[in-house]
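2 protein chains.
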Amino acid sequence: MSLIVNRRDLDFYLDELFQLPKLLEAERYADYDRNTITAVLDAAQALAEEKFQPVAAAADATEPAFVDGEVEVLPEALEALDAFREAGFMAAGFDSEVGGMQLPWLVTQAISGIFMCANTGVANYAFLTAANANLLQTCGSAELKEKFLGPLLEGRWFGTMCLSETQAGSSLGDIRTTAVSAGDGTYRLTGSKMWISGGDHNLSENIVHMVLARTPDAPPGVRGISLFLVPKIRVNDDGSLGDFNNVAVAGLNHKMGQRGTSNCLLNFGESGDCVGYLVGRENEGLANMFHMMNEARIGVGLGSVAAALGGYLYALDYARERAQGRRLGSKDPTTPQVKLIEHADVRRLLMTQKAFVEGGQALIFYCASLLDRQKLTSDRQEHQALAALLELLTPVAKSWPSEYCLEANKLAIQVLGGYGYTRDYPVERLYRDNRLNAIHEGAHAIHGLDILGRKVRMGDGAALRVLRGEIQPDLDRAAADERLSGLARRLEAVLEQVDQTVQVVTACPNPELAMANATLFLDGFGHVVVAWLWLKQALAAQAALDMATSDDGSRHDHDFYQGKLAGCQFFFRYELPKADLALQTVASLDDINVRVTPEQFTGQ
Amino acid sequence: MSLIVNRRDLDFYLDELFQLPKLLEAERYADYDRNTITAVLDAAQALAEEKFQPVAAAADATEPAFVDGEVEVLPEALEALDAFREAGFMAAGFDSEVGGMQLPWLVTQAISGIFMCANTGVANYAFLTAANANLLQTCGSAELKEKFLGPLLEGRWFGTMCLSETQAGSSLGDIRTTAVSAGDGTYRLTGSKMWISGGDHNLSENIVHMVLARTPDAPPGVRGISLFLVPKIRVNDDGSLGDFNNVAVAGLNHKMGQRGTSNCLLNFGESGDCVGYLVGRENEGLANMFHMMNEARIGVGLGSVAAALGGYLYALDYARERAQGRRLGSKDPTTPQVKLIEHADVRRLLMTQKAFVEGGQALIFYCASLLDRQKLTSDRQEHQALAALLELLTPVAKSWPSEYCLEANKLAIQVLGGYGYTRDYPVERLYRDNRLNAIHEGAHAIHGLDILGRKVRMGDGAALRVLRGEIQPDLDRAAADERLSGLARRLEAVLEQVDQTVQVVTACPNPELAMANATLFLDGFGHVVVAWLWLKQALAAQAALDMATSDDGSRHDHDFYQGKLAGCQFFFRYELPKADLALQTVASLDDINVRVTPEQFTGQ
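Read top to bottom, the protein sequences are chains A and B.
Here the first sequence stands for residues 224 to 827, numbered as in the working numbering.
Here the second sequence stands for residues 224 to 827, numbered as in the working numbering.
Everything labelled a hint here was simulated from the structure, so no lab data went into it.
Treat the hints with caution; some may be incorrect.
Since the list can't tell identical chains apart, any single copy or any two copies may satisfy a pair.
[As the list claims (entries may be wrong)] Below, in silico cross-link-like pairs of lysine to any residue (SDA-like), each with a Cα-Cα straight-line distance of 20 Å or less:
#1 562 / 396
#2 801 / 712
#3 368 / 319
#4 245 / 704
#5 562 / 390
#6 562 / 815
#7 562 / 284
#8 368 / 691
#9 598 / 242
#10 554 / 393
#11 562 / 224
#12 801 / 458
#13 368 / 458
#14 554 / 390
#15 554 / 676
#16 368 / 428
#17 554 / 444
#18 368 / 646
#19 562 / 379
Here the structure is a predicted model, which means the values were calculated and not measured.
Working from the sequences, and respecting the hints, build out all of it.
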């Protein structure tokens with residue numbers, strides 16, 4: 224059994240839930256059919272298992288180090304990334320006209336998930352580069368693209384995103400890095416950037432930074448931020464590399480997890496000219512950056528789900544192999560010990576992981592399918608509706624896994640017991656890796672404010688209505704099947720509770736009180752969305768079971784679908800009630816956290 | 224502000240909740256009054272802040288290493304432990320007749336908590352030694368005590384507990400280490416022990432292992448386990464050290480946290496005689512070990528609370544110092560950024576930590592006070608009642624913090640954002656440290672089975688009735704105060720729900736189904752007990768506020784007590800409903816985790 228992907232389950236999302244075969248009928252994907260997609264996934268899995276997974280522990284143990292003025296990364300990471308570039312995966316999601324594989328987003332997410340699960344610390348360099356290239360492609364001038372896009376997509380040069388500064392993390396409006404026009408169309412940057420993943424390394428010939436900075440006369444706050452492309456090494460007009468561009472590593476951050484990825488404090492222009500190129504227009508930097516944010520944030524959610532999947536698959540495999548103890552009621556010490564998975568509580572730990580991991584995968588692949596639908600539609604109204612829905616779901620896709628898939632990683636450790644607490648097994652590393660995901664690309668609370676303060680209110684609740692439109696057919700199908708109708712009623716009730724909660728909050732005149740429990744809304748609303756996606760899985764599973772005659776279904780498929788039904792029941796029984804509680808708390812407009820004073824915490 | 228202890232809060236537990244002054248009136252504590260206790264705590268805090276806290280990060284970063292046949296520990300750890308022994312803290316809880324400080328357990332727990340919060344990786348060596356000495360004192364022969372107890376209590380020799388083996392963790396009945404009588408009253412041990420904390424190191428002249436093993440004719444399972452004292456270096460009759468006793472380090476475990484403490488796979492008698500001495504009688508080893516387990520397990524809970532306290536105090540301090548963002552509704556980017564603690568969600572993160580940390584402290588100190596009451600009472604019936612109550616609460620004291628105080632550590636990281644994810648700040652280390660506590664000294668699920676399968680049923684629910692007797696006076700007082708009566712009604716209702724849940728489970732004829740959600744019962748019941756202890760804190764705070772006239776109360780005390788009221792309200796509002804859910808699930812006798820098959824998880 225692969226420990227980085229369950230291909231049967233992946234096919235379930237692609238084919239049975241989110242209609243990949245139908246998507247492939249589009250002209251845009253004429254080069255592919257379902258078999259070639261399988262071949263691409265085979266290749267990704269083989270490469271991830273051969274080059275990434277085996278060096279994940281080493282990449283964690285041997286952090287990037289600052290040696291002779293450069294950040295040195297484990298040689299095996301370079302080997303893995305070389306194979307990745309050679310296979311063409313750097314540009315998996317890009318159009319063929321720029322050398323990409325022109326795959327649907329649904330498929331690129333599946334590929335990314337495989338590599339993230341295998342070794343996120345090393346894979347990050349590649350996905351950061353793709354995000355950087357995506358931003359360049361969307362917002363950059365033809366001249367910039369001509370010079371920089373090719374090497375990025377080939378993976379000869381890697382990319383970063385430089386947003387935060389030491390004094391400006393969640394509050395990006397407070398950045399101070401400046402960019403002064405040199406009068407020749409270029410700019411000179413000075414300032415420092417913090418938390419730059421892949422900010423320096425010896426993995427590529429050059430590094431292309433996308434940097435947020437202010438021009439001298441920019442208005443204060445977020446409206447005065449511009450975006451600049453700043454190479455580590457200057458690039459001559461013929462594409463050859465020139466002089467060092469004075470992007471200096473001022474320090475390496477030593478993290479709890481994701482240790483394979485270098486993370487730097489960078490100084491721009493400290494000891495000489497640091498040349499930058501404007502991307503998009505002045506003062507529109509943040510808006511341009513946010514154009515890319517939906518995809519980047521869904522990518523964070525994907526990474527979180529992938530980490531949890533790695534823990535789950537490992538724990539499941541371990542629980543089926545490791546003997547310990549005897550079943551309740553048969554305590555004869557002379558009988559052999561039974562497998563861990565024979566214990567109901569171990570199955571509870573595994574079912575909880577399954578509920579979060581497969582719920583999370585459905586969430587991410589659903590969002591990916593929305594991006595694909597948005598890309599293909601020529602109907603302006605549908606495009607708008609999908610855009611609104613993605614706006615609503617992006618904070619969920621980013622944040623829900625960072626909470627619940629982290630919990631799954633915690634439980635994977637528990638299945639292994641003491642062994643799980645050691646670095647000889649991957650489960651503790653995956654837990655450490657995953658803890659980052661509630662912090663970067665917008666901290667958990669920021670997304671809570673975003674969804675409850677903005678997203679559910681846009682267009683007088685337009686996005687929620689689009690979501691409801693997506694859910695309704697599944698509700699109707701489930702209501703018509705007595706085996707699932709109870710779940711449908713349950714989901715309907717909690718959807719009603721979401722609407723009521725939003726109404727109460729929207730009517731509250733005090734913004735601090737209204738938003739005080741926005742994070743709980745984010746968590747609770749996420750649970751509601753995932754409950755729907757579990758119902759969707761149950762519907763597909765039930766339909767497949769009903770289709771199979773007693774002879775033609777394979778035993779494996781029967782087990783698989785029964786497991787999906789159990790997962791849905793588990794989520795509704797053990798998890799969905801937590802959404803009720805969270806929504807009740809939000810709607811209560813409880814003021815404890817608004818009125819408690821800083822001094823009351825400890826009396827000092 | 225100290226970052227390892229809130230002395231005002233500690234005094235609150237000692238004086239206002241658990242009646243230390245009254246305890247000190249006992250003849251046993253005639254050497255102490257409240258002022259000398261304060262002096263002892265001052266000394267502990269000063270030592271912990273001077274020698275333990277500053278080297279905690281280094282002890283984590285520089286794991287014990289196997290060098291030239293011995294495990295080498297960071298030199299600063301030795302320095303800290305030298306100061307600890309010199310101050311006499313090794314024997315803080317022991318009687319003065321054996322050279323101890325003869326302090327109440329309530330006070331020794333306060334002291335231990337301070338050192339654990341400062342640097343659990345180093346402090347562990349001392350507390351393991353005390354636990355080892357405690358076992359020797361209670362179960363060992365006069366001859367063994369004469370030879371080994373003194374050096375242990377002086378800290379010249381350190382001690383360990385050797386229970387697990389690679390094939391026997393939760394299932395101790397399956398251990399294989401054997402002890403064969405040599406005919407001279409001593410035994411020869413052969414076998415391997417896994418997960419031995421402090422199993423080897425260069426911190427003391429000798430190491431005294433307490434080892435569970437089987438004699439050749441022992442009955443199978445837990446009834447055939449005996450306890451042996453096995454020194455690393457043999458001890459001559461005059462107390463001088465003799466030859467190596469063939470206790471060899473076969474490997475070091477590399478853990479996620481608690482990295483300052485060596486953790487070993489030990490081989491006994493592999494290349495020569497390994498001499499052991501029977502402690503207690505043959506085949507009563509596990510029973511003897513379990514005599515000490517209540518205290519050891521409360522110690523685990525204490526360590527978990529201490530880790531969370533360290534995270535909470537650090538996060539609180541950071542949130543009051545670090546400026547980031549602006550308040551909702553005042554987004555003018557030209558105004559200065561406000562402190563993190565001005566954001567309601569940051570206060571929610573801190574209130575959640577406060578609710579868990581101070582609830583957990585109340586739980587641990589309450590259990591300590593029960594041990595003290597048990598030690599002092601001459602009333603056989605009261606002794607029995609207290610014993611039953613401790614049996615009931617020990618799994619809670621061990622397990623509740625390992626779940627919820629770990630969550631607190633997670634949230635402390637969130638307050639610090641990216642900084643919290645780096646090893647430059649203590650919050651991620653404390654989170655890693657705390658993850659162990661749901662695993663060792665009985666995994667979480669084992670305690671679930673213990674409490675729901677045994678403890679709540681003993682004597683037809685006798686222990687639950689004793690607990691209710693302890694709670695009732697607080698319920699009555701709260702019911703009589705209209706400011707708290709709503710909370711009293713709420714607690715009364717959930718106590719009723721506990722009883723009903725136990726009845727349903729006890730009546731269920733299928734043990735696997737009855738116990739399937741025992742862990743959820745453990746978590747939910749823990750929440751109920753902690754809710755009571757929060758109500759107890761609110762009662763004390765309200766009484767103090769009512770006593771203070773407008774002039775005589777200090778501002779600090781006013782804030783402190785208001786914070787306690789807010790903490791109680793927070794716990795009842797945000798946390799206690801989770802107990803309802805957990806108990807409902809337990810009482811539903813849901814069978815998903817019983818009927819799901821190993822194959823259904825992934826369809827393979």
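Structure-based check of all given hints:
Taking the shortest Cα distances, residue 562 and residue 396 sit within 20 Å of each other only across copies (16 Å), while inside one copy they are farther apart (55 Å). Taking the shortest alpha-carbon separations for residue 801 and residue 712, only the intra-copy value of 17 Å comes in at or below 20 Å, while the best inter-copy value is 23 Å. Proximity of residue 368 to residue 319 under the C-alpha cut-off of 20 Å is restricted to the intra-copy arrangement: shortest distance 15 Å within a copy versus 80 Å between copies. For the identical chains of this complex, residue 245 and residue 704 are neighbours neither inside a copy (26 Å) nor across copies (66 Å), given an alpha-carbon limit of 20 Å.
In this homomeric assembly, residue 562 and residue 390 come within 20 Å of each other (Cα to Cα) only across copies, at 12 Å, whereas the closest approach inside a single copy is 52 Å. In this assembly of identical chains, the alpha carbons of residue 562 and residue 815 lie at most 20 Å apart only when taken from different copies (18 Å versus 47 Å within one copy). In the homo-oligomer, the alpha carbons of residue 562 and residue 284 never lie at most 20 Å apart, since the shortest distance is 31 Å inside one protomer and 36 Å across protomers. Proximity of residue 368 and residue 691 under a CA criterion of 20 Å is satisfied in neither setting, with 40 Å inside one chain copy and 73 Å between copies.
In the homo-oligomer, the alpha carbons of residue 598 and residue 242 lie at most 20 Å apart inside one protomer (15 Å), although the nearest pairing across protomers, at 69 Å, exceeds that limit. Only between protomers do residue 554 and residue 393 lie at most 20 Å apart by alpha-carbon distance; the minimum there is 13 Å, versus 55 Å within a single protomer. Taking the shortest Cα distances, residue 562 and residue 224 sit within 20 Å of each other inside one copy (17 Å), while across copies they are farther apart (50 Å). Neither within a single protomer nor between protomers do residue 801 and residue 458 lie at most 20 Å apart by alpha-carbon distance, with minima of 54 Å and 59 Å respectively.
For a Cα distance limit of 20 Å, the shortest separation of residue 368 from residue 458 inside one copy, 13 Å, qualifies, whereas the shortest one across copies, 77 Å, does not. In this assembly of identical chains, the alpha carbons of residue 554 and residue 390 lie at most 20 Å apart only when taken from different copies (17 Å versus 60 Å within one copy). In this assembly of identical chains, residue 554 and residue 676 lie within 20 Å of each other by CA distance solely across copies; the values are 14 Å between and 56 Å within a copy. In the homo-oligomer, the alpha carbons of residue 368 and residue 428 lie at most 20 Å apart inside one protomer (18 Å), although the nearest pairing across protomers, at 69 Å, exceeds that limit.
When the C-alpha separation of residue 554 and residue 444 is checked against a cutoff of 20 Å, the pair qualifies only between copies, where the shortest distance is 9 Å, while the shortest distance within a copy is 68 Å. In this assembly of identical chains, residue 368 and residue 646 lie within 20 Å of each other by CA distance neither inside one copy nor across copies; the values are 43 Å within and 38 Å between. Taking CA atoms no more than 20 Å apart as the test, residue 562 paired with residue 379 passes in neither setting, with 48 Å inside one copy and 43 Å between copies.
When held up to the earlier numbered hints, the structure conflicts with 4, 7, 8, 12, 18, 19 and fits the remainder.
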